[in-house]
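Enquirer: One-letter residues, chain by chain:
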Amino acid sequence: MTLESPGMSMPIEIEQATGEGGVFLVGTPNVGKSSLFNVLSDSYVIVSNYPGTTVGVTHASFHLEGNKGKVPISDPPGLYSLIPMTEEERVARDALFASHASCVVHVLDAKNLDRHLPLALQLREAGLPLVLALNMWDEAQRMGLEIDTQQLSKRLGVPVVLCSALTKEGIEELRDTIEKVHGNGKPSPFSLPWSAEIREFRSRVATRIAKARADEEVKLPSRLTTDQAAFFVLEGDEIFREACGLSAGFVDDLREEYRGQEGHRIAFDTACFLRDRTDEFLDGAWTHPEEKRNGFAEKLSRVLINPWSGIPILMVVLYLGFYQFVGVLGAGTVVGWIENDFFGAIVNPRLNSLFESYVSSEAIRELFVGDYGVLTLGITYAIGLVLPIVFFFFLVFSLVEDSGYFPRFAMLVDRVFKKMGLNGRAVIPMVLGFGCDTMATITTRTLETRRERVLATLLLALAIPCSAQLAIIMAILGSLGITVWLSYMAILMGVLLLVGWLGSKLLPGEAATFYMELPPLRLPRARNVFMKSVSRMRWYFKEVLPLFLIASVILWALDQTGGIDILERGMEPILAFIGLPVAAAQSFVIGFFRRDFGAAWLFQLHLEGIATGHPVLSAQQVFTAAVTLTLFVPCIAQFMVMLKERGPKVALGTTLFVTLFAVSTGAIVHRVLLFTGWLA
Amino acid sequence: MIVSLNQLQPGQHARVESLDEENRDDLRKVLTLGILPGDEVELIRRSPSIVFAHGATQFALDARLAACIRVEI
Ligand SMILES: Nc1nc2c(ncn2[C@@H]2O[C@H](COP(=O)(O)OP(=O)(O)O)[C@@H](O)[C@H]2O)c(=O)[nH]1
Ligand SMILES: [Mg+2]
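Protein sequences appear in the order of chains U and G. Be aware that the first sequence starts at -9, since it is given in the numbering used here, and climbs by one per residue. Be aware that the second sequence starts at 48, since it is given in the numbering used here, and climbs by one per residue.
Hints in this document: simulated from the structure, not taken from any laboratory. Note that the structure is predicted; figures quoted are calculated from it, not measured. Keep in mind that the hints are not guaranteed to be accurate.
Claimed, not checked - Label pairs and their calculated CB-CB ranges:
#1 G:Q59 / U:D205: 50 to 60 Å
#2 G:S51 / U:E288: 17 to 27 Å
#3 U:S33 / G:Q59: 44 to 54 Å
#4 G:E69 / U:S237: 21 to 31 Å
#5 G:S94 / U:Q140: 46 to 56 Å
#6 U:L492 / G:S94: 22 to 32 Å
#7 U:L319 / G:Q59: 39 to 49 Å
#8 G:M48 / U:H278: 22 to 32 Å
#9 U:A287 / G:S94: 20 to 30 Å
#10 U:R292 / G:R111: 39 to 49 Å
Glycine included, C-beta positions come from ideal geometry on N, C-alpha and C.
Chain U with its partners taken away, still in its complex shape (with noise of 0.2 Å):
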C-alpha cells in the first residue's frame, strides 16, 4: 500500500530530506506556500484556507531557466515559531535543518509583514540562504499599502520580492531570484544585536553542546550552528535539548536564574527583543494598513461565530451538504446510474456471458465474475459506490475548507470538544473521517499533545462511520424511517462523548488549550475546489482499488476452500450474542477489508430478503447490525495508518478495543430492542 500521499499533502516521510541544491519553502500557516509550491513547481498540492492542511512535506521539482535542469522544491507544512509546538511545525522545522536546500524561500504574508518577521529574522541568524516572498501582494495592494522592498532588502541582507500567487504578480522576478540565490550559495553574515544577558546565558549552554558536539554524542543537524541549537533549547525545544543530551533540570535552572535575574522568561525577552528589531527593519520601510476587513466577509464571520445564528446555520450547512447532496444526490441518485443502471444492467451481465462461453473452470470464472469476483464486486463496488459518494463528500468538504468556516466551526464546538479530551482544533480530523477515516487520522498530526493525537485516533476507529459507509447504512436505515435514522445518530453521538469523557479521564496528561487564527472569509474559487477534490481523490482511489480486489481475491480464495463457512461458524456465538443470524457472518468478515464493504454486504443481504420475500433480518436485527458494524474494526488502511503513526501498542490496542466496545454496544441494542419491542 502506497503511503505517499495522505490526502492532505503528500509524502509523510520527514527524513527525506530535500538533496543538495534544493528549494525549500517556509512561513507560517496560510500565508500561501502551498499556492507558491503550485505555481513555482511542476505539480500540485492542496491549497486550502485553514491553518494546518498540509501535514507533510511535499517534494517536486523546479525547473531552471534555459534548459539547465531542475532541482527539487519542497512545501512543508507551516510553522509559527523555529521551536515547535505541534507535530506538524515539527515535521517543517526538522525538514527545514535536516536539508541541504540552496534556496529557502520565506513566504510571508505583505499585509501583516510586522507580525511575520521575527520568523525571517531567526531563519536569517540561522544562516540560511534566504529570500523573503512577500506574498499576497494583491491583496496589500488594495489595501493601499506601500513597501520599499530595496530598503528592506538592504537591511536585511537577502532578497525581497513582492509577489501574488494568485494575479501571478511578481512570479517571474521570484523565480529568478531563487535561482540566483541558488547559484550564489552562502549569504552575508547577519546576527541581531542580543542584550549581554540573553548571550551569556546562552552560551553557557552552547559550551555545554560544543563539548557533546566534540564528543560526538549529538544528533543534532549538522545545518544547525551551536549557538542557533543553544537559543532553540533555552526557548524551550525538548527536542533538540533531547538531542543535545542536556537534562531538563539544567536548562530548568538556568531559566529560572534568568529569570529571577531579569524579572521575565527568556522566551518573553526574546519576543520583545524580536519584536523591537522587526519595527526598526520595518520603519519607512512598510507602512501598517488601515485596520479594516472587508465588511461583508467579516459582518458574516460574526453571524458564524455566534451560537444563536451560528448552530442552525451550521445544521443548514450539514443537511444541505452532507444530507442531500453527499446522501441524496451522490450516494443515491448518481451510485443508481454508476451502480445499477451501467454496471448492473449492461457491463455486469456481458462480463458473465463473455466468462461463460469462454473460461471453462468454474473456480476461474467465478474469481472474475463470481459473488466474490474481482470484476463484479471489487471493481464494481469501487467505481460503481466508493468514487461517487467519497467524491461528493470531497467537494463539499473543499468548498466549506476554502471559504475558511472551519477555523469558525472549531471555536463554536471547543468546549464540547474539550469534554472528550480534545479541543476545537479536533473539528478538521474528525469532520474529515467521514469522509476517509484513513486521511483523517493522517491529520490527527495537527494536534498538539500525544494524549490528543491518541484519543482522536481512537475515536476516529470507532464512532466515525466513513462516507462510503454512512451512506450505505442511511440507503439501509432511511427505508425503516426517520426516527430509526436519527436513533442510529443518535447512539452514535453518545458513544463518541461517552469513550471520549472516559479517554480523557484515563489517559493522564492536562486539558490541551485552544487557540487558533481567524483567517478572513473568502468566496472559494471552483478552480481549487475542484483541484483538490480530485487530488483527495486520487489519493483515496490509489489506497482504496487494491485494497478492494486483494478483498475480492481472498474473500474467493476461502469461498473456494470452504473457509468462509469455518469463519461463519467460528463467528456463530458472537452473532447469537448481538441477536444475528449466521447470515450476517459475511458482512462482518468482509468489514475487516473496508469498512462500507461489510455494510454494502449487509445492505445486500437486506435487499435480496426484502426481493425475495424472506426478509433475511428482521427491522431489529437490522438496526443493531448496522450499529455493530459502524463502531466494529477499523478497515485495513486506516490500521495502517494507525500503526504507522502512532506504533504498534496504539493501534493494536484500539482495535482490541474497539472490537470489544462494537461488540457490546451490539449486545445492548439488541436486549433493549428486545425489552422495548421497538421496530419488532
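Take the given structure of chain U and dock chain G with the ligands to it, following the hints.
Expert: Relative to the frame of chain U, chain G with the ligands by itself:
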C-alpha cells in the same frame, strides 16, 4: 484599570499591559500569536470562545489562555 482579556466587553478596545508568565507553555502560545505588552486589542466575542482582533488579524482562544493576557482599560 487592569483586567484580563476575557473580562472585556465585546466591542471594547484595550492595550495589553502584561502577560502572565507563570505557565511556560501558555506563555509560549500567547507569544506565538504575536501578542506583546503595548499592543492594541479589541474583544469581539466572549463565548463560546474568546475572539479578539489584534491588528488586522483575529484570533480565537479559550478562557484559560485569554486569562494570561492582562489588559489596561
Ligand atoms: N489573495 C490572495 N490569496 C492567496 C494568495 N496566495 C494564497 N492565497 C490564499 O490563501 C489561502 C492559504 O493558501 P495556502 O497556499 O494553502 O497556504 P499555506 O498554508 O501557506 O500552504 C488560500 O485560501 C489561498 O487561496 C495570494 O497571493 N493572494
Ligand atoms: Mg500548505
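Enquirer: Can you list which hints this structure breaks, lowest number first?
Expert: The structure conflicts with hint 10 only, although it agrees with all the remaining ones.
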